[in-house]
Amino acid sequence: MRKYVDHPLILLYWYAVVGGTDTGCLLGFVKGDEELSTGTEAVLMSFIILFFVTFVLVAGPLLYNAEFYSPDKPHQRRTTYTAAALLWALTDTPLVAIHLYIYSARGLVSIIQGIAFILRLLSWVGCFLILWLVGLKRVADWLHSKTGCDEELARELLKAKAR
Numbered sequence: 003m004r005k006y007v008d009h010p011l012i013l014l015y016w017y018a019v020v021g022g023t024d025t026g027c028l029l030g031f032v033k034g035d036e037e038l039s040t041g042t043e044a045v046l047m048s049f050i051i052l053f054f055v056t057f058v059l060v061a062g063p064l065l066y067n068a069e070f071y072s073p074d075k076p077h078q079r080r081t082t083y084t085a086a087a088l089l090w091a092l093t094d095t096p097l098v099a100i101h102l103y104i105y106s107a108r109g110l111v112s113i114i115q116g117i118a119f120i121l122r123l124l125s126w127v128g129c130f131l132i133l134w135l136v137g138l139k140r141v142a143d144w145l146h147s148k149t150g151c152d153e154e155l156a157r158e159l160l161k162a163k164a165r
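Position 24, counted from 1, in the sequence shown is what this note's numbering calls 26; the numbers after and before it change by one each time, with no gaps.
Calculated directly from the structure, the hints in this document are not laboratory data. Quick caveat: nothing in here was measured; it's all calculated off a predicted structure. Take the hints with a grain of salt, since some may be wrong.
Restricting the straight-line Cα-Cα distance to at most 30 Å, the calculated cross-link-like pairs of lysine-lysine (DSBU-like) are [unchecked claim]:
hint: 1; residue 1: 75; residue 2: 148
hint: 2; residue 1: 139; residue 2: 161
hint: 3; residue 1: 163; residue 2: 139
hint: 4; residue 1: 163; residue 2: 148
hint: 5; residue 1: 163; residue 2: 75
hint: 6; residue 1: 148; residue 2: 161
Here are the simulated distance ranges between beta carbons [to be verified]:
hint: 7; residue 1: 59; residue 2: 111; range: 28 to 38 Å
hint: 8; residue 1: 142; residue 2: 52; range: 28 to 38 Å
hint: 9; residue 1: 91; residue 2: 155; range: 38 to 48 Å
hint: 10; residue 1: 60; residue 2: 102; range: 38 to 48 Å
hint: 11; residue 1: 106; residue 2: 30; range: 15 to 25 Å
hint: 12; residue 1: 102; residue 2: 158; range: 34 to 44 Å
hint: 13; residue 1: 59; residue 2: 108; range: 30 to 40 Å
hint: 14; residue 1: 99; residue 2: 153; range: 43 to 53 Å
hint: 15; residue 1: 87; residue 2: 48; range: 37 to 47 Å
Quick reminder that beta carbons are idealized off the backbone N, C-alpha and C, glycines included.
Given these sequences and hints, build the entire structure.
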């Protein structure tokens, strides 16, 4: 039995909570607000539906696979990063833009709107940082493979420095 919760399950649970608050924002605030256009409501609803389709059919199974069926850590990381990239690109970015539009048009009107906005923004920033750091590491590894020194030279430099 595992004694810790690994990050694929954390992402799985996190996105379930964020999707639930977005749905609550749509049903509790946006549908009852006459000042927002029906176009805003339709766009928000369509991206929440896209979120649930992406989450349930693609990212959720990828995260579950990464947690329970990955043969090794590199496979687990690749699968988790793929799911995070899909969720960030297809759902987080447009939903953050929609929440920003609603916030700029109406301000903070209800608690569920504020909670959904903050959670979605945290989700966007967190996934962006994860993907940026992964991309940064891959570019650094590639640059090192093309221009970096080999292991023997590095050992010699460390021995010379230690003297």
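Results of checking the hints against the structure:
As the CA atoms of residue 75 and residue 148 are separated by approximately 25 Å, the hinted pair is consistent with the 30 Å bound. For the hint linking residue 139 to residue 161, the alpha-carbon distance of about 27 Å falls within 30 Å, and the restraint holds. Pair hint residue 163 plus residue 139 holds up; C-alpha atoms about 26 Å apart against a cutoff of 30 Å. Note on residue 163 and residue 148: the hinted pairing holds, with a Cα-Cα distance of about 25 Å set against a maximum of 30 Å.
Of the pairs offered as hints, the one joining residue 163 and residue 75 is violated, with about 34 Å between alpha carbons and a cut-off of 30 Å exceeded. Taking the CA atoms of residue 148 and residue 161, the gap is about 24 Å. The hint holds against a cut of 30 Å. A C-beta distance of roughly 33 Å is found between residue 59 and residue 111, which places it inside the suggested range of 28 to 38 Å. The hinted range of 28 to 38 Å is satisfied by residue 142 and residue 52, whose Cβ atoms lie roughly 33 Å apart.
Distance hint check: the CB atoms of residue 91 and residue 155 are about 40 Å apart, consistent with the given range 38 to 48 Å. Between residue 60 and residue 102 the C-beta distance comes to about 25 Å, which lies outside the given range of 38 to 48 Å. Here the CB-CB span from residue 106 to residue 30 is close to 20 Å, well matched to the stated 15 to 25 Å. Judged by the Cβ atoms, the range 34 to 44 Å given for residue 102 and residue 158 is violated: they are separated by roughly 54 Å.
Between residue 59 and residue 108 the beta carbon distance is about 32 Å. The supplied range of 30 to 40 Å therefore holds. Our hint of 43 to 53 Å for residue 99 and residue 153 holds, since their Cβ atoms are close to 46 Å apart. For the pair residue 87 and residue 48, the supplied restraint of 37 to 47 Å is violated, since their beta-carbon distance comes to about 21 Å.
The structure fails to meet hints 5, 10, 12, 15 from the earlier list, while all remaining hints are met.
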